[in-house]
Amino acid sequence: MARGRKLEKLSDFNRSLKNKYGIGEGVDYKPWLRVQDVKSKKGQRTQVWGRKTGREHHLLSSIESQFFYLAEFSDSVVDIREQFPLLPLNLSQKIAATLGVEHPTVPYSAEPNIMTTDFLLTCRQGGREFYRAISVKPEDGIDQRTAEKMDIERIWWELLGVEFLFFTGNETTKAQSTNIQWATSPFRAGIQTYSPSQVEAALAILEPGKHLLFDLCEKLVSMLQCRSEDGLNIVRYMIAEKWIDVDLNYSIESFGGVDILSVNLEKRQVSNGD
Amino acid sequence: MRREPAEYHEAILPEHKGNPLIEALKPKLGMNELLQKFSNYPNLDQHIRQHPDPLVREEYTIRLKQLRQPFFIYYQCFRAIETAIKDGYGQKNPFSPTTAQYLHYPVEERPEIAPRTGYFEPKAETITLIGSSGVGKTSMLEQILNYLPAVIEHDEYKGRRMEFTEQVIWIKVECPNNSSVRDLCEEILASLDLVMNRPKETPASTIGGLMRQIEQRIKSSFLGILVIDEMQRLVFKRTGGENNLLNFLHRLVNKLGVPMLFCGNPPFDETLSKTLKAARRAESAGCFQMEPLKRDSDEWEAFLGELWEIQWTSVYNELTVKLNDKMYELSLGNLDIAHRIYREAQRLVILSDSDDERINATVLEQAYARACGLSSNTEEIKVQREKFLLPTGNRGSRKNSQQEKAAKPKVFIADITRPQHPEFEIQLRELVGTVDLPIRIRDPDMFQRAAELENPVDMLKKTGIVCDNPIADLDFI
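From first to last, the protein sequence lines are chains D and E.
Residue 270 in my numbering is what sits at position 187 of the first sequence, and the numbering runs on without skipping anything.
Residue 148 in my numbering is what sits at position 146 of the second sequence, and the numbering runs on without skipping anything.
Simulated from the structure, these hints should not be mistaken for laboratory data.
Just so you know, these numbers come straight off a predicted model, no measurement behind them.
Derived contacts from chain E toward chain D, CB cut-off under 7 Å, selection only:
{"hint": "1", "residue": "A416"}
{"hint": "2", "residue": "I443"}
{"hint": "3", "residue": "F449"}
{"hint": "4", "residue": "A453"}
{"hint": "5", "residue": "P472"}
Calculated lysine-lysine pairs in the DSBU-like style (CA-CA distance at most 35 Å, straight line):
{"hint": "6", "chain 1": "E", "residue 1": "K328", "chain 2": "D", "residue 2": "K232"}
{"hint": "7", "chain 1": "D", "residue 1": "K232", "chain 2": "E", "residue 2": "K463"}
{"hint": "8", "chain 1": "D", "residue 1": "K325", "chain 2": "D", "residue 2": "K302"}
{"hint": "9", "chain 1": "E", "residue 1": "K328", "chain 2": "D", "residue 2": "K101"}
{"hint": "10", "chain 1": "D", "residue 1": "K122", "chain 2": "E", "residue 2": "K463"}
{"hint": "11", "chain 1": "D", "residue 1": "K232", "chain 2": "E", "residue 2": "K464"}
{"hint": "12", "chain 1": "E", "residue 1": "K328", "chain 2": "D", "residue 2": "K177"}
{"hint": "13", "chain 1": "D", "residue 1": "K89", "chain 2": "E", "residue 2": "K296"}
{"hint": "14", "chain 1": "D", "residue 1": "K135", "chain 2": "E", "residue 2": "K463"}
{"hint": "15", "chain 1": "E", "residue 1": "K324", "chain 2": "D", "residue 2": "K101"}
{"hint": "16", "chain 1": "E", "residue 1": "K324", "chain 2": "D", "residue 2": "K92"}
{"hint": "17", "chain 1": "E", "residue 1": "K257", "chain 2": "E", "residue 2": "K202"}
{"hint": "18", "chain 1": "D", "residue 1": "K92", "chain 2": "E", "residue 2": "K328"}
{"hint": "19", "chain 1": "E", "residue 1": "K464", "chain 2": "D", "residue 2": "K257"}
{"hint": "20", "chain 1": "E", "residue 1": "K328", "chain 2": "D", "residue 2": "K103"}
{"hint": "21", "chain 1": "D", "residue 1": "K325", "chain 2": "E", "residue 2": "K464"}
{"hint": "22", "chain 1": "D", "residue 1": "K92", "chain 2": "E", "residue 2": "K296"}
{"hint": "23", "chain 1": "D", "residue 1": "K135", "chain 2": "E", "residue 2": "K464"}
{"hint": "24", "chain 1": "D", "residue 1": "K89", "chain 2": "D", "residue 2": "K113"}
{"hint": "25", "chain 1": "E", "residue 1": "K463", "chain 2": "D", "residue 2": "K177"}
We put the CB at the ideal spot given by N, CA and C, even for glycine.
Make a model of the complete structure from these sequences and hints.
Here it is as structure tokens:
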């Protein structure tokens, strides 16, 4: 892993911009901060391949990862930009001054720091495209100073007419996120996929209701004449690609069972050619 | 190349009086008047600033290159040239028998009988101008030489008809790449044909013949000064053949009395000092070293002050000390580089997506990187720029809206004090400029109030800002 960038002075920030950190969209977006740029932040830093964006996402804590999986799974979300810098700097300074709070500074150098928002989502619904800004913090994580910074961030987005949301996570979202991660992880980076005929065959077997994972896999392997390890992967694929809706509120992997709420019939009919 | 009919002014020196070649020259001017003549301040056309089409304004930045800010050295150099020309013509009064003999016989074959007025005594001096590339040597020469007409057309001088009707004041040639005498001769010949409006003369096939041809042409055209640019190309390759060219030039000076001006980049002075004779001759009428301007010099202030005024940005950018320092830091006093940086800076802000046309230190830095192609980053930027300009239709499944945007060349300025995300740009710019921010903020301290409570999330949930269930929530508008 490359060493982190030095981000202390205004010239560092400009150089970052020049190297296109924090700008662009979709596959071209580079987060303002990458996992290797952040050293002291506690929590789990991970890089996850985005199935919607086609690039590596930099997630700086476990709560960020949790939110990322959920946002990516949401149908209306078309682009996710993490560590989105609030530029121009003079506007965040202006907001801070208006609110009467101190603008964040770089530790050691007292130079003004560039603020970031954890996630900026591009959503599309009914042909309309709009943005949502999300700040992600663990529930116990709001001290007075954090709150001040979050108020600057919140006002920034409200002034821009962008909905600002706050995500702290709970047991349910944690389970959902774990399930999505479990279901989608073999299919990130787009290496492994299954053919339409395999999907069709699997759809013929899958029925709504509670199933033991083991039974489901046995059935799929014998029907599709595939290797035994593929049985589980097909189930995961069907969930990841939303061929089936399953109850995500409890951990599928640890329970060893899956509750299929519905099978996407529209998709089944299309693939059956009816 | 300007031609002017002769207009005679009485010469100052008694020995120059009655010499039409000298009296046809421009009357002597003082320093201030001369510097006025050497300057050129491009037209600003203020109204263009308001022009709605950025491409039009960008086009105007081409005019930046027309700026000529003369310095004291212009005056010094001009005086040296003027003196050398007059001195050279001093011996060549076309009405004197000396000149008649000089014109008639090749230098080596003149008869034993001296004319009444004596043999022709070649008198010619050489001026050297040295300076690294971009400091403005060529611009200066252009300004100075173009002040003088290239050709003066004589007809009658005080009732006497002139035999030679054309007097060539100056020609400028470039030193050939391979230091070849032949190439230089041919170039001189071609330049003379060009200024005298003659059909191209076929160069003689032997070097000897060619040199005689040149001699004859230089004599009959009354060449005032021969300017040779790019003298750094004169390299000593082998012993023996090495200074053929230099010898040839010496011959022109010594035998024909043609003043010369050598102009070249710094390695050239080393070349010259290799032979004492060359060095002595080369500075006989003065040696001028042009150096990049110093930051605290009046010249820099004058130059940048003038350059800076030439701007077609929608807002007027004032030249602050900080920007002045930055320009100096980037150009290191090199006028050409300063020109390029400033032009690029204007193009950057004019063509950028944003309406923000302020020029600041960051913009200058970026302009430098683009205009001066020295760092590896620049290559990258160039490639990126080309990418922006090229149609992106064949890139498959990218969003259509992006292809439409690409129609306008996108220029990107890495400056943290500018909006960087086109999707929010209009609002961001408005917000940066607005004064009523406090009124627009509905709830200035929601999180701060919550943080004081025992359970902040409970309170925040009531405000609807908490996203409890992203999978479901995000699919609602």
